[in-house]
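Chemist: Listed here are the chains, written in short residue letters.
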Amino acid sequence: MRIPVSALIGLVLTGGFLFVAIFAKWLAPYPIDLAVGGVWEGPSAQYWLGTDTIGRDILSRLIYGAQVTIFVALASSVLAFSLGAFLGFFAAVQGGWIDQTLSRGVDLMMAIPSLIVALVLLSVLPLNLTVLILVIGVLDSTRVFRLSRAVAADIAVMDYVEAAKLRGERGNWVIFREILPNAMSPLVAEFGLRFIFAVLFISTLSFLGLGVQPPLADWGGMVKENKDGLIYGKSAALLPSAAIAALAISVNLVADWILTRTSSLKGGRGG
Amino acid sequence: MHPIVKLLVQRIALGLLLLLAVSAVIFLGVEALPGDTAQAILGQQATPEALANLREKLGLNEPALTRYFTWLGGVLTGDLGTALTNGADIATSIGQRLGNTLFLAGCAAAISVPLAILLGLVAARYAGRWPDKLISGITLTTISLPEFVAAYFVIYFLTQLIPIFQPVAMVFPGMGFWAKLHAVALPVIVLVLVVLAHMMRMTRAAILNVMQSAYVETAELKGLSPMTIIWRHAFPNAVAPVVSVVMLNLAYLVVGVVVVEVVFGYNALGQYLVDHVTKRDLPVVQAVGLIFAAVYIFLNMLADIIGILANPRLRHPK
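Line by line, the protein sequences give chains A and B.
Residue numbers are given in this note's numbering: position 55 of the first sequence equals residue 55, and the series is strictly consecutive.
Positions in the second sequence are counted from 1; adding 1000 to them yields this note's numbering.
I should point out that these hints are in silico values taken from the structure, not numbers from a laboratory.
Glycine included, C-beta positions come from ideal geometry on N, C-alpha and C.
A couple of the hints might just be wrong.
[Claimed, not checked] Label-pair ranges, simulated between beta-carbon atoms:
#	chain 1	residue 1	chain 2	residue 2	range
1	B	1039	A	170	40 to 46 Å
2	B	1045	A	29	36 to 42 Å
3	A	150	B	1214	54 to 60 Å
4	A	39	B	1140	33 to 39 Å
Extracted from the complex, chain A is given alone in its bound form (with noise of 0.2 Å):
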């Protein structure tokens, strides 16, 4: 199997946030909270990236950053995936009324634009970060029940599923043993695109500062923070919004060669 370059640029950099992510207590120079030197000082060998808006380490926070930001993103598109795809395969199953108003209701959280519907929700819910994967994931299982539906209606109406309603297998079995194993290719796909969602979701919210809450850091609450030096020039905010930029692109990178390849291989299902 050959892997194209752009592919493995994404893979190994997205590798190498995850690693991060998972060893930031061992990789971390520094303590996240703690003022270790003067406010906004260059890179130099002892802070590498320099300092923060009140002197902290800025490669520590971005460090820690990183497990804030992908955890919240992973679990929350963790929750929009199981949440989105067993009601978009169970509404392609039943159809009928349960279709209907699962779709209709869709379609209704989807007119509303969803930082809307989070800004709105997030004035009235605690600021925590339960309550922010909860938001972030319900908000985006829409575009996964929409995805899933769409493709288990495909599935629904061939013969293997057809005979084992016949046999009289009962609901979940149609859609774990049946319709999910043959949904599998465009899922893996969405799955990254979802997870770049709720990336740029959690950062933005964290920017407007509404997101993650200090003591804990995000890569979106650290530009929040450093943004006002970037009037003197300094380029603190720079650092976490190329870290969230490079993210981003990394995960696209190769959430588009899965796609390609699996839209190549199951006869054009993948879009």
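Given the coordinates of chain A, assemble chain B onto it according to the supplied hints.
Modeler: Okay, now just chain B, sitting in the frame of chain A:
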């Protein structure tokens, strides 16, 4: 009734129904959340008296449905209630800011729409060759960036290179048109960058789709130049999908504007919304959220309507 009129009436009725449902979600959805709204607004340390006071003020003692219809009636007559934090009339506060938001979004649309169509045409003309690859590569990168990241890169590099740009976009009533335009230059550049990518990619796809049809091949065999083929034969047939792409992306602009306004401290609706989410001022958040949702639904509806009007097959149904 002419079938196209029927289609249009149906689409508009659907839009209105959707708007009604969205207003119910924005108002009643918050009610359905676990926990006490008053407690959430005041925090855990609130005294029982303060909680009771706030419940009274919000009318929380009445059933949710009654309050929803009171609120909806108010919205329809232009009365959005008063803000919890400072008691100001919400409709008045929104008025000026809505104008500012529309000015910013309008400037961004006026630049990005022609530019996106032009770039889409160029990319389709040189499909698979370097101008296409260059444009596609750049737009793929900007798609992966959240608005605020794009904004800070633009601020950092443009304010250093060209000192006429200001990192803060201040506008106030009585400012001249050109002064306003100067103030919003940077936020407009950021918004154009963010929207351009989506718009241009979808324009390119729509034109390439048309390019595969038989009449384009005939035109090629006649010996017409590629730009003439695109301009005279492909583009008129791609107008419907392109217009609907443009509308969908303008709807996306509505959301992008929220973040960009916060970045530049631009005194408009998005900034107002985020401020009051932080202050947990529910009536303001609901009112502004409804306005954003309404604009979004309206633009989506407009995209569908233009699609219906521009599609000859829909004009003559079997």
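Chemist: Hints first: check each against the structure and report whether it holds.
Modeler: Going down the list of hints, with the structure as the test:
1. 1039(B) x 170(A): 40 to 46 Å: holds, 43 Å
2. 1045(B) x 29(A): 36 to 42 Å: Between residue 1045(B) and residue 29(A), where Cβ atoms are some 38 Å apart, the hint holds.
3. 150(A) x 1214(B): 54 to 60 Å: Roughly 30 Å apart at Cβ, these two residues miss the hinted range, so it is violated.
4. 39(A) x 1140(B): 33 to 39 Å: holds, 37 Å
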